[in-house]
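Residue numbers (full-length UniProt numbering), protein chains in the order written: chain P, 1 to 410; chain Y, 1 to 411.
Hints listed in this document are in silico derivations from the structure and should not be mistaken for laboratory results.
Here the structure is a predicted model, which means the values were calculated and not measured.
With a straight-line cut-off of 25 Å between C-alpha atoms, the simulated BS3-like cross-links for lysine-lysine are:
1. Y/K344 - Y/K313
2. Y/K344 - P/K83
3. Y/K250 - Y/K228
4. P/K179 - P/K2
5. Y/K317 - P/K128
6. Y/K344 - Y/K317
7. Y/K311 - Y/K344
8. Y/K250 - Y/K36
9. P/K368 - Y/K344
10. P/K179 - P/K83
11. Y/K36 - Y/K245
12. Y/K344 - P/K128
13. P/K368 - Y/K97
14. P/K157 - P/K111
15. P/K111 - P/K179
16. P/K246 - P/K179
17. P/K2 - P/K246
18. P/K210 - P/K111
19. P/K128 - Y/K313
20. Y/K317 - P/K83
21. P/K179 - P/K210
22. Y/K36 - Y/K228
23. Y/K97 - Y/K143
24. Y/K311 - P/K83
25. P/K128 - P/K111
26. P/K83 - P/K128
27. P/K128 - P/K179
28. Y/K143 - P/K368
29. Y/K311 - P/K368
30. P/K157 - P/K210
31. P/K210 - P/K246
32. P/K2 - P/K210
33. Y/K313 - P/K83
34. Y/K99 - P/K368
Letter by letter, the chains look like this.
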Amino acid sequence: MKLELRGLAPGTRLGVLAGLGRSGTRAMEVPGCLLYTHCGSVPHLTHDTLDALGRLPAVTQLPLATVAEHQEVLEAFREGAAKLAGLHDTVLFCSLQDPAAPCPAGYNTSKSVSLWSAAGRIELTVPKYVAMQAAVRPDWYQSLADGDAQPAGSSLKRVRRSVERTLTHLDECVLLHQKTAELVGAELFGVVEGADVREERVRSARETAKRPVGGFVLDGFQSGVMDQALRAQLIAAVTAELPRDKPRLVLGVGRPDQVLSCVEGGVDLFEGFFPFVATERGCALCFRFAMEPDPESAVQEQNGVTEDGGSSRTEDPEHQDLQQMTRFEMNLNDRRYRDDLRPLVVGCGCYCCRNHSRAYLHHLLVTKELLAGVLLMLHNVSHYSSFFSSVREALATDRLETLKSVVLGV
Amino acid sequence: MAASTVGEAEMNSASRGAIAGAPLVLRILAECPVSKARACDMTLPHCTVNTPVFMPVGTQGTMKGVTAEQLENLGCQICLGNTYHLGMRPGPELIEKAKGLHGFMNWRRSLLTDSGGFQMVSLVELSQVTEEGVKFRSPYDNKEILLSPEQSIAIQNSLGSDIMMQLDDVVSSTVTGPRVEEAMRRSIRWLDRCIAANRNPESQNLFAIIQGGLNSELRHICLEEMTKRDVPGFAIGGLSGGEEKDDFWKMVTLSTDHLPREKPRYLMGVGYAVDLVVCVALGCDMFDCVFPTRTARFGSALVPWGSLQLKHKQYAKDFQPIDPECTCPTCRRHSRAYLHALLKCDTAALHHITIHNISYQLSLMQSVRQSIIDGCFPQFVRAFMDRMFPSREQYPRWAVDALASVGITLN
Ligand SMILES: [Zn+2]
Ligand SMILES: [Zn+2]
Numbered sequence: 001m002k003l004e005l006r007g008l009a010p011g012t013r014l015g016v017l018a019g020l021g022r023s024g025t026r027a028m029e030v031p032g033c034l035l036y037t038h039c040g041s042v043p044h045l046t047h048d049t050l051d052a053l054g055r056l057p058a059v060t061q062l063p064l065a066t067v068a069e070h071q072e073v074l075e076a077f078r079e080g081a082a083k084l085a086g087l088h089d090t091v092l093f094c095s096l097q098d099p100a101a102p103c104p105a106g107y108n109t110s111k112s113v114s115l116w117s118a119a120g121r122i123e124l125t126v127p128k129y130v131a132m133q134a135a136v137r138p139d140w141y142q143s144l145a146d147g148d149a150q151p152a153g154s155s156l157k158r159v160r161r162s163v164e165r166t167l168t169h170l171d172e173c174v175l176l177h178q179k180t181a182e183l184v185g186a187e188l189f190g191v192v193e194g195a196d197v198r199e200e201r202v203r204s205a206r207e208t209a210k211r212p213v214g215g216f217v218l219d220g221f222q223s224g225v226m227d228q229a230l231r232a233q234l235i236a237a238v239t240a241e242l243p244r245d246k247p248r249l250v251l252g253v254g255r256p257d258q259v260l261s262c263v264e265g266g267v268d269l270f271e272g273f274f275p276f277v278a279t280e281r282g283c284a285l286c287f288r289f290a291m292e293p294d295p296e297s298a299v300q301e302q303n304g305v306t307e308d309g310g311s312s313r314t315e316d317p318e319h320q321d322l323q324q325m326t327r328f329e330m331n332l333n334d335r336r337y338r339d340d341l342r343p344l345v346v347g348c349g350c351y352c353c354r355n356h357s358r359a360y361l362h363h364l365l366v367t368k369e370l371l372a373g374v375l376l377m378l379h380n381v382s383h384y385s386s387f388f389s390s391v392r393e394a395l396a397t398d399r400l401e402t403l404k405s406v407v408l409g410v
Numbered sequence: 001m002a003a004s005t006v007g008e009a010e011m012n013s014a015s016r017g018a019i020a021g022a023p024l025v026l027r028i029l030a031e032c033p034v035s036k037a038r039a040c041d042m043t044l045p046h047c048t049v050n051t052p053v054f055m056p057v058g059t060q061g062t063m064k065g066v067t068a069e070q071l072e073n074l075g076c077q078i079c080l081g082n083t084y085h086l087g088m089r090p091g092p093e094l095i096e097k098a099k100g101l102h103g104f105m106n107w108r109r110s111l112l113t114d115s116g117g118f119q120m121v122s123l124v125e126l127s128q129v130t131e132e133g134v135k136f137r138s139p140y141d142n143k144e145i146l147l148s149p150e151q152s153i154a155i156q157n158s159l160g161s162d163i164m165m166q167l168d169d170v171v172s173s174t175v176t177g178p179r180v181e182e183a184m185r186r187s188i189r190w191l192d193r194c195i196a197a198n199r200n201p202e203s204q205n206l207f208a209i210i211q212g213g214l215n216s217e218l219r220h221i222c223l224e225e226m227t228k229r230d231v232p233g234f235a236i237g238g239l240s241g242g243e244e245k246d247d248f249w250k251m252v253t254l255s256t257d258h259l260p261r262e263k264p265r266y267l268m269g270v271g272y273a274v275d276l277v278v279c280v281a282l283g284c285d286m287f288d289c290v291f292p293t294r295t296a297r298f299g300s301a302l303v304p305w306g307s308l309q310l311k312h313k314q315y316a317k318d319f320q321p322i323d324p325e326c327t328c329p330t331c332r333r334h335s336r337a338y339l340h341a342l343l344k345c346d347t348a349a350l351h352h353i354t355i356h357n358i359s360y361q362l363s364l365m366q367s368v369r370q371s372i373i374d375g376c377f378p379q380f381v382r383a384f385m386d387r388m389f390p391s392r393e394q395y396p397r398w399a400v401d402a403l404a405s406v407g408i409t410l411n
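Chain Y extracted, bound-state conformation (with noise of 0.2 Å):
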């Protein structure tokens, strides 16, 4: 198949690791003596990870504005691509003839891909969950197509990813009652079919998704299940969708406290910066989200004070860059005034927005990982917070019994 050639000889040097059979070494170089937080070099066939990591979202094996040359120079090793969009259009045939989505997107560094699990049962309606898989109604067509575990392993194993999810049972975190145990046995089940299917285990990670809701005795029924079986990687699923962040923040620890300390945890959908930091010292060592590189669309940028509304009169006359501590393209060339004016008459605006978001949120993870290999990550924690808010008064409630529970307190 075309998609296994792709990066043999760094796959073959790769599995000398930990994970029987895997393309995938994890190295951890640091724990925080004080919390979760732990700092790893994870090899994949493409190139080595350093973690804790944010990847990026190129939804349609692009991202945004930002060119694949543009991305690497931003320090980015591993980005997303969404296996739902990129199967519609334009196809797993396509992208296999292209060399995989490296060879279409011409992204020479790690891809993950994800089941198009999520997407189908947030973008269709009336898709339909049975023990076969997902049914819909394609938009582009209206032909009725069934994702299956078999199915979108197949279509991932096209696009040749470094690391591709297995197919979950998803329901939104909010429901309760018996259909979270349900999805989430059905999500254990459709992890063996989903190994079964993978034709390129020597060259493709596949990743379970610990699922099981809001409720502890199901995340810990799942977890045990899981773990039993030989994947190269866990994700914590099921969860960003709206919860409480009380809820959420137990549920992640939870997991992680039970998931095997030789190989990555990644948590799905987690990319706001007190998110990520909180995270980061709960254990886990990948995210991802949409929301960095969406917002820069609406003209907003991230800074480590929170962010600026670039469309916001107040910017019109600031000639200082976004962030005058930032070192992205952006913030060594132009102006927040610059970038108002230019918002209202060029998409080129957004591009330089987007690249400043994508900067920050690369650059944030790699202090954390600093911190953490330097011993440091409790007083990184504090400085951040520090930063981020106007006062402690104003500190998430969450935010501060999540880093308590793993020992960082913030007074």
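The following block holds chain P by itself, in its conformation from the complex (with noise of 0.2 Å):
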């Protein structure tokens, strides 16, 4: 694995991860964002609608939580959750949670992390843990963190502790790492824990970069534990501490606003599930993210899709829920769309806004049917990447300023 960066304003990074994958052919391209799935399979979605999107991204994330109840069907199978899910050509990202799910706090302790899967806690060593990770044969893994540590209420002390913890268990991970088969070829990522302490953010930073690490993973950081400005003063801090040329990951941030401030702290990689909470919530992502004033935005501004969307108008807080509707999303349940023949997002070339209204994906949602789900993921998931693709555009024209703008709609 290679980061290619192209030499660009401080702080921002665009470039290419190049060499990925066991076969080393694969290459995606940062900032970007993985693709989300549940045990290996993009929620709502077969093969054939995912071939649809058309160009996916090279890297799929897998959450062990999503698949660690399977573990021995794993092992028995012997050639990984990639395999096993029919992903015949991606590069696998294990993560440890479901950043869509709920992860309760308060049941890790000094030598286990909990997991929280379908069919319940789930206790994990350093070794359980290693050794899920050799049934699941990932490209990339992040090593196991005691990601505990939220800044509501937590004290300076369970801070430390969890950064403490999280090195301890990356130098047992790296031990066993090296001795497993497995997992020989796969890249192992340090976490970054730290809370909201300046101080303890650093410190994580520095002593996991000492580590024989192939990238690293910003956690603690998810949308509702810390408001915007905190998040972006601390990820420019941790970021200051780790190498330039290693890819960095943050975990379950993933509205557009705040993906672009990550951006700005030098953030490479996204969890790709925010197009699914909006899906579940039967939402359509409707933000624009086109630079120039070109038809297709000004069709979108005269059909009143950011008005729909629930408005630049109206301030919605950032402590918000997971589950709660934000403002860059229009809500397909909302009696208004009941007779609207138009598509989600006009100009929009993915299959559900080439073929289907706003009504049909109203009348799916008041009937409970499975295809709006379907076609649902199928927009939100190609809204995000192409959004994601605005981004390194503005970045390789140096005009993040304006996205920020167009995206916020200010």
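Both chains are given apart, each in its own frame, so use the hints to dock them into the complex.
In structure tokens, the structure reads:
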């Protein structure tokens, strides 16, 4: 794996992660987002519907939480989770928790981390965790981390202990990683913790960078955990400590405004769960990201997408729950779409927008038909990955400020 | 009317056919020299349908989690929409505005809609049948609604389906006595009202539904009366509702004996593989059933030897596809073990199984058709039964008898 960055304004990064996967032939542009899956399957989608999306991210994310209960099956299969899931040509990143599911705090100990799977809580020690990863056989995986310390109510002592434990877990992971035949060629990502304590963040980053890791996972910055200004400061402080040539992936950040802020702070990779959480509440992503005042966005304004989308006028709280609608979406459950025969987003080229109307989506939601999730997911994944293309284009042409004002609608 | 503009070009070419004025041409390609089975091409305004055909049911204007494009890629040429459901939500006005059900669900091929009567009687409590129509309270806003033959056809005209069904007076196949005759006679009167109400006879076909319960005499009368009407096709109704299989097949074969050769025969509500194969032998061309898609939602995958309950633990480490000989997108990519695991965490698992099940039904009918064309349908039936049942002792008696009645012996 090699990160090739183009010279840009200080702080921001634009480039290509090349030589990916065990074959070393795949590449991914950064900043970028991973293809989010449950158990190796993009929620709601089958392979033919996925193919309709066109170019997919080269890296697929598999939260261990969604596959942990099938460890025995994977061990019997012996060829890894990607192959089991029918993903024949992807780079697999195995993360720990599912970013779209709640992850209760307070269950980690000095020796173990709790994983929340569909079958309930699973206590993971490092040996158990590495054994699971050996069954999954990812191309990248994160090290076991004590991500419990959350700013709200965490004492400094607890934050320090979290950083300490995470480093100990990492050292143990590194040792076991080297002894595990199934993980030869896989990259281990170190996890930076430290909650909202700047010194602990810096220490965690510095110490993690000393270890033989392929990249960095920034934990504890999840939407709803801290406000944007603090997140931006802490991310800048962390990335300043990290080597330039290794990728940085932030966990739990999906809202476009927060993504842009993280990109400014030097983050390369994002989990692609945001389109999914929007889909689950019956919403379509409809925020704008076209930097040119092109005919399409002119049409968008005419037909009131921004207005429908919840608007740039009403502020939505940042400390919101994952399940709450953001201002980047339109809610197709709303009766106002009952007889609206326009596509979700006028000008969008996705399968859903090329073939179906808002009224049809409203009907599918009202009648609780499964196709609603399929079509919304197709649009949302497509919209979100176009947004990332736009982010890269903005970086390449030094127009990030312009893009920010388009996305934020100011 | 918006619905009548759909597929006008195809319709004109179709109207050269045998059935005066109707947009349907039935070309009989082959008839089994032994049984009553036949293979036809049925040209409808939106596409030609190869029969015998199984029609998947898309109740709410969608086929579960399968997109219109996937359904088309599976080779599906015709599917069903339910008039009762679509008439309630989103309603005929909106669908008409969306260029009919074809436009609303973006389905380019043929569509058949039912009359709404069956759902009303089976789903709505306190529905009341009078000569006027079916009266019921809307479960959505509690308003009293009358579904008359005229109203049913008006909604189906708005939906713009290629084939509409007459409103019939539905009684359960297990009911006996004077009510059966009343329902049969009323269905004949309602057929005439439906024919008169059709706004789009040049672009939408209206099928009659043969009633008469399990009484041969009543079926005879109904057949005699209805075949006097110039309708483009006939359905065999009032069956598949819990009656004895022995009664069922006898009513089917009696009906096909008296239906005109040059018009399609649609057996309503039949979709189990054995029933399909037997009823093709008895001379039916079209079938529909919710079973293959509904059963998929419970993790049940159809295979030539029955079905697999993929939620069952025995498949957890079974790395073969559902059916190693199946070429559907699911079997080409996924194993039983993966589907078993995915069933626990994502609805995509259901879509995979739905796709396989639709594909199974369609390819079963494709093989049936090919064997009729190749003149070896009886051999096909024997091989099919042999594969479906572990031993001859397990062949259902009614199927053996039904097949024997049309000259196909299984031993
Ligand atoms: Zn779209
Ligand atoms: Zn299959």
